[in-house]
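K.L.:
Protein chains in written order, with my numbering: chain F, 42 to 419; chain R, 7 to 527; chain H, 3 to 332; chain V, 2 to 421.
Rather than coming from a laboratory, the hints here were simulated on the basis of the structure. Hints may be right or wrong, so weigh each one.
Straight-line distance between alpha carbons at most 25 Å, and here's what the computed DSS-like set of lysine-lysine pairs gives [said to hold, decoys possible]:
1. F:K238 with H:K103
2. H:K103 with F:K91
3. H:K49 with H:K283
4. F:K218 with H:K120
5. H:K100 with F:K91
6. V:K358 with F:K284
7. F:K218 with H:K49
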Amino acid sequence: MNADTVRRVGLSLAAPALAIILSLAITSAVLAAAGNDPFDTFKQMIEYAKEPRTTAMIINGSVTYYFAALAVAFGFRMNLFNIGVDGQYRLAAMLAAAVGGAVSLPPILHVGLILLVAVLVGGLWAAVAGLLKVYRGVSEVISTIMLNSITTALIAFLLTTDKLAVQAEGSNNIGTKPIPASGQVPGIGLVPDSPLKVYGLIVLAVIVGFLYWFVIEHSRFGFDLRAAGRNEEAAVASGVNVKRMILISMAVSGGIAGLVGMPQLLGSSYTYSLDFPAGIGFTGIAIALLGRNTALGVAIGALLFGFLDNSSQILDLEGVPKEIVMITQGVIVLSVVIAYELVRRYRIVAQQREVGRRLSEPPAPAAGNDKTPQGAQA
Amino acid sequence: MPESEGAAQSETGAAATVPAVELSGITKRFPGVVANHDVNLRVRPGTVHAVVGENGAGKSTLMKTLYGMHKPDEGTITLNGEQVVLHSPADAIARGVGMVHQHFMLADNLTVLENVVLGAEPRRWGGFGLNRAAARTKIREIGKQYGLEVDPDEMVERLGVGDRQRVEIIKVLYRGARILVLDEPTAVLVPQEVDALFEALAVLKGQGLSIIFISHKLDEVRSVADDITVMRRGTTVATADPKTVSSRELAELMVGSELPSPQTSDSTVTDRPVLELSGINLIDGARHLLRDVTLTIHAGEVLGLAGVEGNGQAELVESIMGMRSVDSGTIKLTGDDITSWSTRRRREAGCGYIPEDRHRHGLILDAPLWENRILGHQSRKPNVRGPLVDRAGARTDTERIVREYDVRTPSIDVLANSLSGGNQQKLIVGREMSGNPKLLIAAHPTRGVDIGAQTAIWDLLRTARAEGLAVLLISADLDELIGLSDSLTVILRGELVAEVDPSTVTPEQLGSAMTGAGEAA
Amino acid sequence: GGGSSDGSSDAGDTGSAKSDVKVGLAYDVGGRGDQSFNDSAGVGLDKAKSEFGIDVKELEASANETDSAREERLRLLAQGGYNPVIAVGFAYATSLGKVAKEFPDVQFGIIDDSSLEKVSNVTSLVFAEEQGSFLVGAIAAEASKSGNVGFVGGVNTPLIQKFEAGFKQGAESVNKDIKVQVKYLTQPPDFAGFNAPDKGETTAQGMIDAGADVIYAAAGGSGSGVFKAIAAAGKGNWAIGVDSDQYLTADSAVKDYILTSMLKRVDTSVYDFIKSAVDGKVLTGKQEFDLSDEGIAYSTSNDAVKDYEAKADELKKQIISGDIKVSATP
Amino acid sequence: MSTTLETTTPPAAPAPERATRLSQPLRLALYALVALAVLSLIRVLTDANDLTSAGTVSAALTLAVPIGLAGLGGLWSERAGVVNIGLEGMMILGTFGAGWIGWQHGPWAGLLTAVLFGLIGGLVHAVATVTFGVDHVVSGVAINILGLGVTQYLAGELLADSPGGGETQSPPISALPRPSVPGLDGVLEPLEKHHWFLISDIAGILRGLLTNVSILTVLAVLLVIASYVILWQTPFGLRLRSVGEDPHAAESLGVKVRLYKYIAVAVSGGLAGLAGGFLAIVASGIYREGQTGGRGYIGLAAMIFGNWRPGGLMMGAGLFGYTDAMQLRNAVAVHALLLVVFALLLVVTALNLYRRKWVTAAVGLVFAVLSLVWYLNSDELPGPITTMTPYVTTLLVLALSAQRLRMPKADGLVYRPEGK
Ligand SMILES: Nc1ncnc2c1ncn2[C@@H]1O[C@H](COP(=O)(O)OP(=O)(O)OP(=O)(O)O)[C@@H](O)[C@H]1O
Ligand SMILES: Nc1ncnc2c1ncn2[C@@H]1O[C@H](COP(=O)(O)OP(=O)(O)OP(=O)(O)O)[C@@H](O)[C@H]1O
Ligand SMILES: [Mg+2]
Ligand SMILES: [Mg+2]
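Full structure from sequences and hints, please.
P.N.:
Okay, here's the thing in structure tokens:
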């Protein structure tokens, strides 16, 4: 048994290790092909990442990614592919920003209100796809893809000076009315001697991550969710109301998506403007898959992507095209799953060997007798 | 056992002609499992050769070897005197071997024609195009020749099991197979269909084809086979002569246990109605799936529902379990009207359910056993505490089920799909029996399960019944149905058409009632 | 990107009088080689480089990046001893606001934004696009026989709306009941509208089918599509380019249909700014480029425009003198 | 025997689909005509002549082709049971290939490269999903990231110093021929210009479809037809589809499952690459970063929309291209579309009433009224709203008709050979 656990741990470490090596190798090959010294490049990135400010930036980026990936992962847990996280968080951020800028409340309440609006908007917007799936049989893949584009148009429609937007004097940018201090979330000096503070909402990220894990792994709801995800028909037979589950999980996924924009909004920009980051929802998909849809795995994935995205800034300065990190990201996603797949296969074979060892012994009748269905008469 | 071995010797000695199939010393190992060990099988040309053995005895594996689906680790395959090495089913097909698999191998969304010709398509447009017309005619011919008529252009998903079985056989004949392997072909058929099948086999035999026939139904085996080979724990332990051997002897050769008979002991029926259906109608668009179904099951009663598959049994079960909402009529469980209840609530109220297709409706194959134990009991102790899953509770209770119901598994942490079907079934039965249910819906509880497991499951049903459980039993195995039921109802085209007395009815009479032939009579 | 690094290396030998000023420049999304806005800035930089033999470093932006990324780009340049540092595009405003504080002795320049004009070490380089658009609008109205002209905006942002506003007013100043069709190809944050020639072509085609015979393409890279559509419509239809003189850069099949271009001399602004730094009396505050200083103008390289120059120059005088006030919002 | 036969086929089964399938072409033609009549009527009422003008149709065609080709790629691989989210990435590879080679060696060479690059993307997907049995979505997403990263990286290396090009775009690519059916224009144009009921509409549509059409558009249409013939009328196609329906059954009949999956996914990639090539060479005449703008995903949607069949896919892509052309070309016409929606909803509501689906009918009615009210109280839609048109329309049509979708049975399932 003990040897077993050792092996199991070894295996679970083997996969990521294998993946990292693989992706490093391929990335290096690409770099070398273009006449850049791989080793030097990695060194650059790591050196740069070690600077306190960059570290803080990496963490901040990861916090945002984490919400996005969790949102996607939640859907995946019951076989829902929510490609719409991108639209959901943008709409949520925009409306939450508008509300936050419009009202003035005592600090905690103000922040609470903004977060609430964001979660509600994200959830409801995602629920549209849920409703379409449940009542009209529209694949959530299509509907969320369409809703992403609709969101863009909707935001453009609302984000004008005669509606929700204001334009600062002399600026060509346009955004919602800035959120007053009472609605802002102060940063945390998590990284020693970094002038840049870590988003205060990292706390929320941790909480949401914990809840995600707890609900999925330990609650009845989570069990139903995973059951429906793994064998819908069996779930129905077991009394799970799958339609309701689809609606709920779509809404929850969207609710989490609603939080994606919050760290940026409440921690740094305080307004939703034309240059508010878009496309995080798609990164979220990759990270969710990279993290096997588990709270911890996703966290690691988010940090990895955060590191690659931010530390690549230095490369341009050194004349290395920073697009290289995108290649690395793609390769990592691929090689991780391949590595996991190989390990998984090994596990199954091992397990069957187990089953076999206990069930089928060398066909010596003596050994056979006690195993004959005779014993079935309980 | 030795004397039967002797019998085997004389048998082989007697066989003058070159055997159509000769498997000698076949050994097949799967990771850690010896599925076949030194298997010897010889099939005389133009005969029906039955292979019997308990679940996991290695029959399917052996046949898959003969069909080229995997290579044997040791041993040789000789076809019509010529030793061959089969790398793929294509090789086997090319050498005239055809196989009908234990679980249907048909693509639902393709037509009968497409399923049949796949891999051996008649061509047109200079070899580029698929010649449907030619295929159609050929399929019709085969149909006429062997009485296996099926509409070539029908979607397979619309076919009942009987027709599917036919399609499987047509597939094989279409490829001009001379050696036919049928792996548990009758498991899902009613007597009339079985007879039809056997008629077809007779014709084939008459044309000199050799047939290998696998079944768990020993009477059947004895009636159709010319020779019988018995497998046990992965190897051939004996050959027997169907004319002389009795089912009991066969069973002993197979498992050393005696052939169980599903006779119910004296009636335990009470007058407390548990399930009351009145005027149930279920309509899907133009289709009237259930028409005015009314029945009552009392505590301690096993009500058998006889019917050819696809006549509304599944729909009825799903209506009772609340997986479908009926269009009219009421469903009562021990007095309370549950017509509008959710499936979960009905389960909580004491409805147990052994589904017809354990893989689709009964289990999460890639989840460990203990999680599968929770399935269907997500809202009840010992699996949950309040809104949370109680892992410890669920695990200990799974241990109990594995113990009490003799589920053969190394641990409760293995995934359900690494259990053999028989053991999977026992797990499900154990699960549904726990939380002492008032009503148990058992659909084909022993389908594809070997005699040992069958006995166990039958005993379980009896004990539960004695303790006042009401059982709705659905089965294609009419002996089982007649043997276990206190009362029998026949369903046809979604209607309850006949009540028969299990103590007097014969399988044949029941079968004709099921197929509507009874109506005329 | 890869191309940019060589900037610093061969700086020495190109220049005549080697200056020790090091200029950092951060591009907007699309970057060097977008044949449009960013390139225009690049041209100014190159000119300065070869004239003063200065050291330059160009950094590219990537799509969908956050403020902190832009911030970091500017910071890296400032830390790297580059001074002045030029940010191309209004998207840098927020991040520059922060970085400028961190590096008080570095002079920053930002194009298309003057929200930071109060900050002493930020020079706002802004343009009166509406003025130039007004002129080409007038020219369009003059050239149009159908009394129906079109405006194709790349992405629906306030900046591009300035072009629209000027164009409309200009056209109406010539023919008060002229029909002006307006279409923006995409909505932010979908900035594809600046490089979707296919969308541009389809839209222009639609405008032509709806009667337009002169179309103003304020759509960056999508303009080439507009030119295609006009060329397909044949003689008598005109396209109007933007930013640089596209008559000179467009491919031969369409160039003759480009009546004129609204010149927004980002290159000049960049050059002037760098020059001022090299000369040691760096420009500060809000530097507005407009018709008066040729920072905004319309091109006359296509002879076809000759017939309309008189009118245009007339209007130009009035705008400079302030007799005509051009509003910057539609 | 015979009695058995009758009763074992589920008697409850509805009229066999075959019957309907036979009359389907007729039905579709009828629908098309009715739809056209309605459209024409609305055109006459609103005189939004762009609804059926040649310009709209040919623009719609150009916008539909890349989506259609991408969708066709999706169809090939999903028919073989491999979900292909990676279309976008393969398409991006295609655009770059076309741009990079296209500007140096001409459009045909560029096109070939586009297909080749897409094909490589497809093979990566095949290796991951078929050989390594990786989850199809994961591999697809990874390929989308890779496609973007690789092209941007390569563009930086290969296009940075190209004349008139740069790190984010290629120099112009010379155009491909745009043939017309000779003599047609002269006949149809006057007809169209009269704006007669129905006649002018038909004239306009024909003119859009048959005159000044890019050779590549023609090729694309041929490819759709070819795909139908190959997949549904040849042994090869049957085997390929069987692999997507039930690989184990196929395997048991000697079909080389993995081989067919590989072929399908490779073809899928090639088609996606071609879609990218079309964007770069025909639609834009240039490669530009971010040119695909999510069309890969739209293509996927179009394929699902079309129920995994070439005909349906064509309709999906067509609908999208048409509405997109509409919103890009002519605001008045888009406004008129509100009336079309109104009409559509009325019809559907009527159907639902007939089917006694009260709730659905009610919902439909509400939306119908809303769209009518909206139409009457506005004379143009705000710019941003018009850009929604294709997406909203697609959702709308799906919501009104999405039920009987039937994807290949084994689509997206990882296949493992017997005993492995
Ligand atoms: N693909 C496989 N991989 C690993 N082990 C296998 C595989 N197939 C069969 N086995 C092993 O071979 C044994 C025989 O399996 P097989 O399916 O031949 O039993 P069987 O005689 O057909 O049972 P049944 O009568 O229920 O069909 C099984 O118990 C199992 O342990
Ligand atoms: N593809 C496979 N991979 C791994 N193991 C398999 C496979 N197929 C069968 N087995 C093993 O073979 C054993 C028996 O398989 P099989 O399905 O024949 O069981 P069975 O007893 O025949 O079930 P049933 O009673 O439903 O026929 C199981 O224990 C299962 O673990
Ligand atoms: Mg079996
Ligand atoms: Mg078997």
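K.L.:
Going through the numbered hints above, which ones does this structure break? Give me the numbers in ascending order.
P.N.:
Of the numbered hints, just 7 does not hold.
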